[in-house]
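Chemist: These are the residues of each chain, in order.
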Amino acid sequence: MNEALFSQLSTLGSSVVLLFGLILLWRRSLHAYTDAFQWQSAVLAAMFVMIGYFGHDPELYFVAVFFFVLKVLILPHYLERMEKRFGGERESQPYVNVATSLILAGLLVLLAYAVTRPLVLVSALPTRGGLPLAMGLVFVGLFVVITRKKALTQIVGFLVMENGIALLAVLGTFGIPLIVELGVFLDVLMGFLVMQVFVYHIHGTFESIDVDQLNELRH
Amino acid sequence: MTFFLLLLPPVFAALLAFVIRPYRPFVGWVNALLSLVSLGAALAFAAQAIAGGAAPTWGLALGSLGLVDVLRADSLSALLLVCVTAVASLTLFLSPGLGRPVNRPHWGELAYGPEQLRRYHVFINLFIAAMLLAVSANNVGVMWIAVEATTVFSAFIIPLKLNRASIEASWKYILIGSVGIALAFAGTVLGYFDFVSLSGRAENALNWTVLLATAPALHPEVMRLAFVFLLVGYGTKAGIAPMHTWKPDAYGESPAPLTALMSSALFAVAMYAILRWKVVADATLGGDYTNNLLIALGLLSLVVAAFSVVLATNYKRMLAYSSIEHTGLMCLGFALGPLGTFAALLHLVNHTAAKSLMFFLVDNIEHKYRSPLIADTRGLLKALPWTGALFAFTLLMLIGLPPGGIFVSEFALFRAGFALNHPWLMGVALALLAVVFVSFINHLNRMLYGAPTEGVVAGETGGWRTALLFLCVIVLVTLGLTLPAPLLTLLNQSVEIIAK
Amino acid sequence: MTGYFLEVAQALLALTLAPLLVGFVRWVKARLQNRRGAPPWQPYFELGKLFGKEVVMSNNASWLFRFAPYIVFASALAVTFLVPLVAAPLPFDGVGDLLVVVYLLLLGTFFLALAGLDPGTAFGGMGASREMTVAAIAEPTIALAIFGLALGAGSTNLGRIVTATLANPGVALSPGHLLAFAALFIVTLAETGRLPVDNPSTHLELTMIHEAMILEYSGRYLALIEWAAWLKLTIFFALLANLFVPWGLATALTPAALAVAVVTLILKFAVLGVVVAVVETRVAKLRLFRVPELLGLSFVLALLAVTSSFLLK
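Protein chains in written order, with the working numbering: chain A, 4 to 222; chain B, 7 to 506; chain C, 204 to 516.
Do not take every clue at face value.
Said to hold, decoys possible - Computed cross-link-like contacts, DSSO-like style, restricted to lysine-lysine with a CA-CA straight-line distance of at most 30 Å:
hint	chain 1	residue 1	chain 2	residue 2
1	B	Lys388	A	Lys152
2	C	Lys471	C	Lys488
3	C	Lys252	A	Lys152
4	A	Lys87	A	Lys152
5	A	Lys87	B	Lys388
6	A	Lys87	C	Lys471
Think of the hints as simulated: they come from the structure by calculation, not from any bench.
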C-alpha cells in the first residue's frame, strides 16, 4: 500500500512538473515563464522530500533544501530582475507558433515514452513510472531553447531542461551522490550568472533581447 | 601530493590576478611561472605512468560523500595532462599584457585595458584549472562538473572586447555549450541509473574504475541510450558536427591565446570525456555500436568542415573549420580499433601542438593587419617575414604535409582504416582531406604573396614571443620525424586502456 | 422494460434540468458581479415566450433552415439517452458508446453551422466558420480525453467506464484521470460557448461565435436551438461529473438508489455550475487567434492523459 501510494505520488508529481514545463510553450509573457519555473522547482523540491521520506534516504532532504534555495529563491530573483528590465518584450513570434509547439510537445512526450521504455523495464524502483515524463520535460526544454527567440526564454528553457534531468536522476536512482549534486548546483548557478550577464550585454548592444538579431556572423 | 602541484598553481594564479587590482604585468609573469609547476607535475605523472605500476589516485576518506578515489592519473590522463599543461604554459607566456606593451595607440580596438587583462588572467587560470581537473578526475560526475566549469569560465573571456560580433559569438557558445553539457549530464545520470538498477546505490559508483568493472553486467539498451546522450553532449564541447555551429563564431571572436587553448586543450578534454565513456560502453555493448556512431559523426564533421573551408573568408574561422575537420578524423580514428586509436591519440598530440601554434601566429598577424579577413591580409611574407614563414610552414603541416607530425598520424589512421576493411570510408575521407588541402593552399597563396595591404607597416613586432613559437615547431617536426620512446610507451599504454 | 422507462425518464430529467442549470449559472455570475440577476428559473419563461412567438424567416433561407433546429435538438436529446446521468450501466449502452456520443455532438454542431450559412448573412457565415475552427480541435479532444479513461477501463462504453472507476476508486486520482478532466473542462468551455472562448451574453456580433449562427432564428426554432445548447451544457456537465466522480450514480434500479442519484447529480451540477461561473467571471475573452492555442493545450493534456493511462497500467 505504501509502495503503491509512493508510486502514484511520484507519477502525479512528475506530471505536474511536466505541465509547468508546457506553460513555456503556451504562454507568451516572460513573467509567466519565470513563474512557471519557480512553481516547477518548488514542486520538484517537494518531490525530493517525498522520495527521501519514502525511500529512506535522508541525503535527499539536504538536496531538497539546496534545490529550493537555488531554484526557487535565487534564480527566480535574478530572473525577475531581468524580466523587470526586459519584460516588455513578449515572445510574440517564435520560430514555431504556439499551437504547433503544443502539439509537437505532445509528440515529444510520446517520443520520450518510446525512448525510456528500456529504462522503465530495467528499473525496479517504485518511482520508475515518472521516468518518461522527466525525459519528456528534457525534450520540451530543448525544444524551447531551439524555437524561441528571446534570450530570456532560452535561459528559462535551459533551466527547465536541467530540472528535467534532476527529476530523471531522482526518479531513476533516488539521487546521485551528494558531492556531485552540489557540484551540479554550483555549475548551474555559475552558468546562469554568465548567461544573465550576457543578456544584459545583448540588450545593451542590440537594444533588444531578440536573438534573431544575432545573425551577423556568417562564413 | 603531485595532484596538488598539478591543480593548485592555476587556482593560486587566478586568485593572485583577482586580488591585484589594477592589473600589473608581474601578475602575468607569476601566472606563467606557476603554470610551469603544473607542467612539471604533469610530466611527473607521465613518468610514473611510463614506469608502470598502479595509477596514482587521490581521494578523501569521507566515504559517504563519494570522494573515495576521486582523482586518478593513468596513462591516458597523463598524456592529456602533459598536452594541456604544455599548451597552457605557452598560452600564459604569450598572453597579452605580458611584456607586450598594451597601450600602443596604433593598435586601436585590439588593445586591452587593465580591467580586461585582469578579467582575462583570472578566468583563463580558472579555465586551465577546470581542464586539468576534468582530465585527472576518476569520478565521472566530477569530470562533468569540470567540463561544465570550462564552458562557464571561457564564456567570460570570449567577449574580452565587447562588440556585436563577440557578444553574438559568446551567446551562441554559452547556450549551445550549456545545452550540450546538460545532455552529457543526462547521459551520466543514465549511466549511473544503469549501475543502480543493477547493484543498488553505491557511493563511489560514479568512479570510472568502478563503472568499468561492472560494465559487462550493465544493461545494453540503457547504455545505448546513455552513450547517445554522452556523445551528443560532450561532442558539442568537442565541436563534432552537427553540434559544431558555435565553433567558428567563438574561435573567430575570442582573443587569440584563448582560442589557442580552446582549440587544442579544451577540445582534447572533450574527446577524453567521450573516450572514457566509450571504454565503459564498449565493455557493455561490444565495440560496434559506439564505433558506428563515431564513424557517422566523424564523417559528417569532415564533410561540413571540407565544404566550409572552401567558402571561408576569415582566416580565424577557417582554422576553426580545420579544427572540425581534425575532430572528424579523430572520431574516425577512435572507431577503428587499436590501430586507429593509436593513430587518433598521436593525432591528438600533434594537433594540439600545431593548432595552438597556428593561433599564436594568427595573433601576431591580426595585430599587424587589424582585420581577420583573408582578403585584407596580403603580402604576409613581406610584412611579417618570420611569422609569415612560420605560418606557411605550420599550415602546410596542419593539412598533412611531411615532415609534420600530422602527416604521420593521418598516415597511421588511413593504414588502420584500410587494414580493418573500410576502403570506401577511407576513400571518402581522403577525398575530403584533399578538398581541404586545396582550399587551404588557395587561401594561403592569397595571404602570403604580393605587396602588403595598405597601411600595414612591415616588420616583426613579436620579439621573443615569436622565438618561443619556434619551440612548438621543433616539437611538431620532431614528432613528424620520430616518435620518442617515452611518448610511444605512453601512447601504447593509453591504447591499451581504450581499446583492448 | 424498466430499463427503457429509466432511459426515457433520464432524457426527460435532462430536458427539465437544462434550463434550470443555465439559469443557475447565469444567476451565480450575476451575484459574483454584484448584481441581483434574474432568478434561476428564468430560462423556462424564455422558452415559454419563444414557443409562443411566430417564426420570421429570411426569403433566402432554404429547407435546411427549417429542419436544422429539429436536427440539432434531436441529436442533443439522443446524447442524453447515452450519457450516464443517474444510472450506469444503461440499456442503450450497447447502441451508443463514446464515439457515438462524439459523433452526435458533432452532428449537431455541423447542422448548426450549416444553418448559420444558409440565410446568406455575413454574421452567420462568420459564426459558422469560427464554430468550425473551435470544433475542429475540440471534438478530437473530447474523444481523446474520454479515451484516456476508456483505456483504463478497457472499453469505450461509458457505462463500463463508470463501473470501472467505481470498482477501483484510487484510479480517480491518477494523473491520467486528472489530465483528462482538465482537458475535458477546457473543451466544455469551448463547446458550450462559455468564456474564455465565447461570451454567451454578448450583444456585439463581431465577438460572437455561437450567437452569430443563430441570429436569424426566431420563435419555436430559436427555442429549440437554445434548449439544445442548454442540453449540451447539461451533457458536458454530466460527463465531467459522472465519468470522473461517479459516486452517487445508481448501479441498481431501486427507487432509493435513483433518488440518491438525482440528489447527487443536482449537487454535482451545482458545484460545476459555480466553478464555471467563477471561471467565466475571472477570465477575459480570448482573442480569436489565441483560441487554437488554448484548445491546443487541452489537446496536449488529453494526449498526455492517454499516454499516462496507457503506459502506466
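Chemist: Against each hint, give a clear statement of whether it holds in the structure.
Modeler: Verification of the supplied hints:
1. As the CA atoms of Lys388(B) and Lys152(A) are separated by approximately 47 Å, the hinted pair breaks the 30 Å bound.
2. The straight-line distance between the Cα atoms of Lys471(C) and Lys488(C) is roughly 26 Å, inside the 30 Å bound, and the hint therefore holds.
3. Distance check on the hinted pair: Lys252(C) and Lys152(A) sit about 56 Å apart at the alpha-carbon level, beyond 30 Å; violated.
4. Annotation: proposed proximity of Lys87(A) to Lys152(A) holds, straight-line Cα distance about 18 Å (limit 30 Å).
5. About 55 Å separates the Cα atoms of Lys87(A) and Lys388(B), which puts this hinted pair outside 30 Å; it is violated.
6. Proximity of Lys87(A) to Lys471(C) is assessed by CA-CA distance (about 43 Å); at most 30 Å being required, the pair is judged violated.
Violated hints, listed in ascending order, are 1, 3, 5 and 6; each of the other numbered hints is respected by the structure.
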